Each structure stands twice: as C-alpha cells, then as structure tokens.
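Peer 1: Using the hints provided, position chain P relative to the given structure of chain B.
These protein sequence lines map, in sequence, to chains B and P. Here the first sequence stands for residues 1 to 319, numbered as in the working numbering. Here the second sequence stands for residues 1001 to 1319, numbered as in the working numbering.
The set of hints was computed from the structure by calculation and includes no laboratory data. Quick caveat, the model's predicted, so the values are computed rather than measured. Since no wrong hints were added, every one of them can be taken at face value.
Covered stretches of chain B (chain P as the covering partner; in silico rule of three or more C-beta atoms under 8 Å from a C-beta of chain P): (1) 149-157; (2) 180-189; (3) 248-256.
Listed next, the in silico DSS-like pairs over lysine-lysine satisfying Cα-Cα at most 25 Å (straight line): (4) P:K1222 to P:K1303; (5) P:K1100 to P:K1064; (6) B:K100 to B:K54; (7) B:K296 to B:K272; (8) B:K233 to B:K272; (9) P:K1296 to P:K1272; (10) B:K134 to P:K1134; (11) B:K100 to B:K66; (12) B:K272 to B:K294; (13) P:K1183 to B:K296; (14) B:K183 to P:K1294; (15) B:K294 to P:K1183; (16) P:K1229 to P:K1303; (17) P:K1296 to B:K183; (18) P:K1296 to P:K1134.
Ranges between beta-carbon positions, derived for each pair: (19) B:D230 to P:G1176: 33 to 39 Å; (20) P:K1296 to B:D36: 34 to 40 Å; (21) P:E1062 to B:P289: 39 to 45 Å; (22) B:G13 to P:T1015: 56 to 62 Å; (23) B:R24 to P:G1293: 44 to 50 Å; (24) P:L1319 to B:E47: 52 to 58 Å.
Here a beta-carbon is modelled for each residue, glycine too, at the ideal position from N, C-alpha and C.
Protein chains: 2
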Amino acid sequence: MDSTYVVGIDVGGQTSKLGVVDARGTVLAQTVIRTDTYSEIEPYIAELADAVKKVIKDSGTEGKIKGIGVGAPNGNYYTGTIENAVNLTWGGANVVPFAKLLSEAVGGLPVALTNDANAAAVGEMTYGAARGMKNFIMITLGTGVGSGIVINGEVVYGHDGFAGELGHVAAVRNNGRTCNCGKTGCLETYASATGVARTAREWLELTDEPSLLRSLDNIASKDVYEAAKDGDKLALKIFEFTGKILGRSFADFIAFSSPEAIVLFGGLARAKEFLNGPIEEAMNANVLPLWRGKVKIVYSQLKESDAAILGASALAWEL
Amino acid sequence: MDSTYVVGIDVGGQTSKLGVVDARGTVLAQTVIRTDTYSEIEPYIAELADAVKKVIKDSGTEGKIKGIGVGAPNGNYYTGTIENAVNLTWGGANVVPFAKLLSEAVGGLPVALTNDANAAAVGEMTYGAARGMKNFIMITLGTGVGSGIVINGEVVYGHDGFAGELGHVAAVRNNGRTCNCGKTGCLETYASATGVARTAREWLELTDEPSLLRSLDNIASKDVYEAAKDGDKLALKIFEFTGKILGRSFADFIAFSSPEAIVLFGGLARAKEFLNGPIEEAMNANVLPLWRGKVKIVYSQLKESDAAILGASALAWEL
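For reference, chain B alone in the conformation it holds in the complex:
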C-alpha cells in the first residue's frame, strides 16, 4: 500500500490546479488548466481528464493511483455533484454530476468531491497541523470565510452534504454589512480578506485618523497588513477588530463541537502576528469557563502553493 498515490484537483473560478501526491504529502507532479474559458462542462472535463493523465504519466505512477479527490465550490460529498456554483462559468444554476463525469473520462478511477474548505480540513488532518486530531474546526480566511468541521475524525457533511458554512453565521446581528449571500452581518463580511479591506475603507471614511492607507487608491487586505507591519495605528486597530470578531464567533463554534483546536488557513491567516492576540482574547472572554484557555488556535502547516492540491488529494485516501 506504500506504493499507491492519489490525485488532488482544486477547482477554482479561474484556474484548476491538480497534482499527484504520495502518502507523505509530497506533490510529485502538478499542472494547472483554465476553468473560466469553458461555458459548458463537457469540454472542461475533457481537458481536465487529459491533464490528470499527464500528471500521472509525469510522476511515473501509472497503475498505482488509488483515486481522485476534488475540492470545488458548492461541492456535495454525498452526490459528487457541484450545485448552483455561480462563480464557475459552467456552474450556473445547474447541478453538475462532476465526480461521475470525471471518473468516466479518466477510465473509471473513483472520484470523491467536496467543497474547498472541507478538502482543506482533510488535508490538514492528513498531512498538516491537525495530524492526530479527531476534533477540530478548519477556518479558511480567503476572499470569503470557509469552514470544514471534523468530529471524531470525520468531516461533518450534514443531512444534505453542505454542513459547515461558518462564514455565514451572524457576526453582527443589527445593521450588519450586506453579504453576497443576501443576508447581513455574516462573519465573512468582516473577517475575510475582503472584509478587512471593507473595514479599512469604512474607517478611513468615518474618521480623520492619520494612516498610511490614506494614500492608496484601491485598498486590499495585503495593504492593511503591510501598513500594520510599518506600525500604522489604524491598520493595527483593523486587525484588532477583525480578530475580535473572529474570536467571538469561535467561542460559539466551541460551544457546538468542543474542538481540540481551530486551524486557520488562507491569505489572511498570514497576519497571525496581528490577529492571534485579539482572536484568543475575544474567544476566551466569550466561551464557557470550562473551555477557557483550553482550545488551541493553530495555523496551517501546508506549503501555500501546494495546499489546495494536498487538501483535495487527501479526500482520495478515504475512497
């Protein structure tokens, strides 16, 4: 069994990354294709299948592939379908039988599929910061806030396959920010990369506080990070606020599943030096005494360039 390998595919709105991975989490060969040049699923699957065959050949693992794991927006683990994925050019209002189509196109290899955050959780459990953990919550801090919940060593998929949408719990109940999902006050409107940029723009507008950020035209979370590193007080306050919002929500998540740790991943998690203090403070101020100081905040240990492929690939070991 040491000589089996898996394929991981991360389906993003613009590109799809894929690679062959061994049991230790080494990516042996990888490539990338466009996602957004296809308005129909069939030609996309055909190119993806060719790319899969290519990386298998490049890595010299023909005949030794256990299966394929796919992380995709709105991926449903139970059915292998991608449902109403508006950010995928061929997703639209359809239910795409992705796993079935791909499996057929690659000669019958089994395919497991889930959303990107669940895939990240499995990746972290298999190769990363959550190795050995049976109960943890993965939070991905990217353009949005995603989550993958692991209980008793298994990802929680829920009744319909879509459990773990913690980016859309209420961080702010009244007069909260409008979210892409149609609701207001969702966690991801505050605690994502987009949310941080939004906080910056709001605060620059509402206060006269001097800040390096005032000279910029189009503020991104990365700019806030750079300014914080330069000691900019407003930027530091933005991370304090963001960390507090996250920590308060984490306290409620702990009341749900009592995890050993909350694992953070994604672009915004790189601001650990500014976020971690406020997160831990707010989290411990808002949990029941029995959990105070007991739940770890840990940061992904996967190499960022490989993480998406690794997360998706890890799914395939369970096939």
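Peer 2: For chain P alone, coordinates are given in the frame of chain B:
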C-alpha cells in the same frame, strides 16, 4: 435480543427518577429517590443501587438487563464522571466517578452516562420524534437551554466530552442579560422558561402596556403561557420575541451541522402554538438560501413524565 431491557436514570438536582424500559420505549416499572438529601456521593449511590434493584425486580426483568443509562448535569460520556456539578448537593467542585461507583454497586452492570440534553437526544432518536434521523439537533427548553447534537447517527461529544452547550452561544452581543455561567447575552437568558419570565418582568417594568400579567406577584413562564392563551397582547409579544431569538440562533446552528430537523423538548416547548411561527420565520430569514424552508422544527413525542427516564435508558442500548 428482544428479551433484553435497559435501566434509565435521570439525575436531577432534587430527585432522581429511574425505570426499566423495553426496546419499544415502554417504561415497565419506575420509582424516584431524593438527590438533595445527600452531601456525600457514597450513601446516595447506595440508595440509588437499591432502587435500581427494586425496579428490576418489580418489572420481572432480573438477568435480562443489558445495562444502565444515566443522564446527569455535567455528565461526561467519555469518562463516566460528573464534573463540577454545582446544582448537585454531592457534586460541588469534584469529579465524581459516577458510572464506576454505580456499576460496582449494582453488581457489575455496565453504565453509560452523559448530560441530560444528550440523553434526551438519544431518547428522541431511539423512541421519539427523531426516529430514523441521522442528523438533528435536540434543544431542551427548560429552566435553562440544553442541547444534544446528533451527526451521522451519533451524539457529538467533542474533544473533552462536553460538546453541545448551545444554551451559551451569544444570542445578544452587546448589553445582553447576565447568565449564571458568568457571561452575558447567552441564549438561555432569553429562551428558557426563566428567560421568558425575565422578559415579562422587564417589559412590565419598561412599558405601561396593559396586561393580565400585571396582577401577578411572581411571574413564571407558565403564567405568560396562560395569559397568551387568554389573548393577552403583551404575553403574545413575549413569545414572539422569544421565538425570534430562538430562530436566529437556530439559523447559525444549521450553518454548522446542516441538520434534517431541530427537535424541541421541555416545558417551554409546550407553548408551540405561540412560539413556532416566530421561530420558523426568524430561522428562515437568517439561514443561507440553500436551507430556506428546508429544516424542520419538530416537537418531542415522548410522554413528558417518562421522557427523562426514556432518554437516559436509550444510552444503554449502545453499551
């Protein structure tokens, strides 16, 4: 296997109820002993063991008992201990090895133990409204708000055995009511029987609105229910408010585990006629579109006088 039986014990602050139950959820014999007359655990266990032997004898099931299930405040499923249960006279700041002590006192029958809300969830899954469900959340609306979360057919105990404390998520973030747990704004300060009475007292104080409740000295949630049945407008508004607070929180719970249903149990759940509309409205207004109108609110089907024993007993079938 049809001829095996289980014993269920519900340990409450004042009394402990116990009974022998068959596979269909019929209570064949039951009795009750005091909990609060003992300041030490040993004499309490001795009397409890005698009572267990008595109900087994009364039901004619000697030699056919599969095991004993116990529901108790702060019960830890993993360790069989009751930890820091301040409402139990012999609980205090101790870790009481309850399952071990009881098992020894009844001649070695296996004992499983968890908290009351988790026991209620297993009871509902085994004999009640959640039969056939693999993913649901049990919410007990009593003096406090308790919860038992079932995912993939199993109760969630978490890393430490104490998962599922949804009575202590933040229902109100700022200027929320003080909770017994030391935090503020916890769900149970609003949505329990105590919370409803608190809302009534607050609103009577803050407004001049006429109400039948004004004539009462010491308002309990039952009084608010009676007033609502008599068409009292303030009482009806109190249930509307309570249902809204519950529904908003349920929306966040759904984002976590995507349950098929939320099952309500307890004294306050009897006010279904006034609570259910507001709960469903607020829940569906606050969930992601993909769950809108899809998650059922159901009410316990267990006979209230038997429910505590049934819930605890159901644990023993898994031994």
